[in-house]
Amino acid sequence: MMRNMQRPMDAMGRDELRLWIQQLQFTMRDLALYLDTHPEDANAHRCYLDALQRWKQALAAYKERFGIQFQEQVCDHTDWSAWVSTPWPWEKGEN
Amino acid sequence: MWQYQKALQYPVKIKQPNAKLAKMVITQLGGPDGELGASMRYLNQRYTMPLRELSGLLTDIGTEELSHMEIVSALVYQLTKGLTPEQLEAQGFAPYFVDHTTGIYPVAASGVPFSAEVFQSTGDAIADLHEDLGAEQKARKTYDNILRLADDPDVRDVIRFLRAREIVHYQRFGEGMRLLQDKLAASSPWPKNPYAFNPSFDHECWKHKGRKEK
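The listed protein sequences derive, respectively, from chains U and Y.
Residues in the first sequence are numbered consecutively from 815, following the working numbering.
Residues in the second sequence are numbered consecutively from 2, following the working numbering.
By construction, these hints were calculated from the structure, which means they are not laboratory data.
One thing to keep in mind: the hints can contain errors.
[As the list claims (entries may be wrong)] Below, a list of computed lysine-lysine pairs in the DSBU-like style, where the Cα atoms sit at most 35 Å apart: (1) K7(Y) with K82(Y); (2) K16(Y) with K82(Y); (3) K184(Y) with K14(Y); (4) K906(U) with K21(Y); (5) K7(Y) with K906(U); (6) K7(Y) with K193(Y); (7) K906(U) with K193(Y); (8) K7(Y) with K142(Y); (9) K877(U) with K16(Y); (10) K21(Y) with K7(Y); (11) K142(Y) with K184(Y); (12) K208(Y) with K870(U); (13) K906(U) with K82(Y); (14) K82(Y) with K877(U); (15) K82(Y) with K21(Y); (16) K870(U) with K906(U); (17) K906(U) with K16(Y); (18) K82(Y) with K14(Y); (19) K16(Y) with K139(Y); (20) K7(Y) with K877(U); (21) K139(Y) with K184(Y); (22) K906(U) with K142(Y); (23) K139(Y) with K193(Y); (24) K139(Y) with K906(U); (25) K877(U) with K139(Y); (26) K870(U) with K7(Y); (27) K208(Y) with K142(Y); (28) K184(Y) with K870(U); (29) K14(Y) with K193(Y).
Extracted from the complex, chain U is given alone in its bound form (with noise of 0.2 Å):
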């Protein structure tokens, strides 16, 4: 189902790709509460899997095309500075 949804990453601006690490962020939250349940459901084990490679390759492109957003992405001390500089996601239309 997602791989219909996305749209080749390159051709996402900022917003579009920040949104879609959000969406790929809450698909596994919500599959995980259902894994939960049903710890044996091998499908839903792979959408989750699926969401989180996604999520690493998003991450990845987001950071080299626009900088550093989530803490994920920090690898040295200057990243980290850029990310405590980065909005809140309270602040209006930072989120």
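Dock chain Y against chain U, hints included.
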């Protein structure tokens, strides 16, 4: 342990400040059926669950409720940002303003501060899961009532997302309850009435582990 991600679970982009609406929405931060109470309820209940699946479910839903606290707080923050004291007063926000300015503090729509008395942790899995199912429906009810009163489309969109999550959580807790009841029915010395005891505390409930139902 927990890790923070610098993103909301669902975006909040309010164009029009509205303190009157903020006064209603804030009840889902600090009110009787709000997200703070939901999170504390699940994260406190999880320790004494007799099944690991149930502790996992309470951990993951309790964690998601923390991200819903952040969404509701972002709504209140943006709805009150940039208003003058006169505008805040005209929009009914003066009683909150005198104590908290436009800081975020957990209160109900009535102004009553958050209290741990809005939830229980009984140390009894059946009692706790029944409370959790009720809590999800009570929160869904509050979101429904906000939707009956709020006309700002930016606010309504976020409230509809939060409302949908209550329904998903209700579904998951229902599955958790069924899992517990099926396992109890298979192992309790009282298979016809395994719910009459505390499966988190009364170990006799799990006496006949693996017994096949006739």
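Now the hints, each set against the structure:
1. K7(Y) with K82(Y): It holds: about 21 Å lies between the C-alpha atoms, which stays within 35 Å.
2. K16(Y) with K82(Y): 10 Å, holds
3. K184(Y) with K14(Y): With a Cα-Cα distance of about 46 Å, the restraint between K184(Y) and K14(Y) is violated, given a limit of 35 Å.
4. K906(U) with K21(Y): Holds, at roughly 19 Å.
5. K7(Y) with K906(U): Holds, at roughly 14 Å.
6. K7(Y) with K193(Y): 50 Å, violated
7. K906(U) with K193(Y): With Cα atoms ~56 Å apart, K906(U) and K193(Y) exceed 35 Å; violated.
8. K7(Y) with K142(Y): 29 Å, holds
9. K877(U) with K16(Y): The given pair, whose Cα atoms are some 28 Å apart, holds under the 35 Å limit.
10. K21(Y) with K7(Y): Roughly 28 Å between the alpha carbons, so the hint for K21(Y) and K7(Y) holds.
11. K142(Y) with K184(Y): Roughly 32 Å between the alpha carbons, so the hint for K142(Y) and K184(Y) holds.
12. K208(Y) with K870(U): 46 Å, violated
13. K906(U) with K82(Y): Within the cut-off at roughly 9 Å; holds.
14. K82(Y) with K877(U): 30 Å, holds
15. K82(Y) with K21(Y): With a Cα-Cα distance of about 13 Å, the restraint between K82(Y) and K21(Y) holds, given a limit of 35 Å.
16. K870(U) with K906(U): 26 Å, holds
17. K906(U) with K16(Y): 8 Å, holds
18. K82(Y) with K14(Y): 12 Å, holds
19. K16(Y) with K139(Y): 29 Å, holds
20. K7(Y) with K877(U): 14 Å, holds
21. K139(Y) with K184(Y): The given pair, whose Cα atoms are some 28 Å apart, holds under the 35 Å limit.
22. K906(U) with K142(Y): Distance of about 28 Å is within 35 Å: holds.
23. K139(Y) with K193(Y): 31 Å, holds
24. K139(Y) with K906(U): Holds - the C-alpha atoms of K906(U) and K139(Y) are around 29 Å apart, at most 35 Å.
25. K877(U) with K139(Y): With Cα atoms ~41 Å apart, K877(U) and K139(Y) exceed 35 Å; violated.
26. K870(U) with K7(Y): 15 Å, holds
27. K208(Y) with K142(Y): Violated: K208(Y) and K142(Y) sit about 40 Å apart, past 35 Å.
28. K184(Y) with K870(U): 38 Å, violated
29. K14(Y) with K193(Y): 53 Å, violated
Checked against the numbered hints given earlier, the structure breaks hints 3, 6, 7, 12, 25, 27, 28 and 29 and satisfies all the rest.
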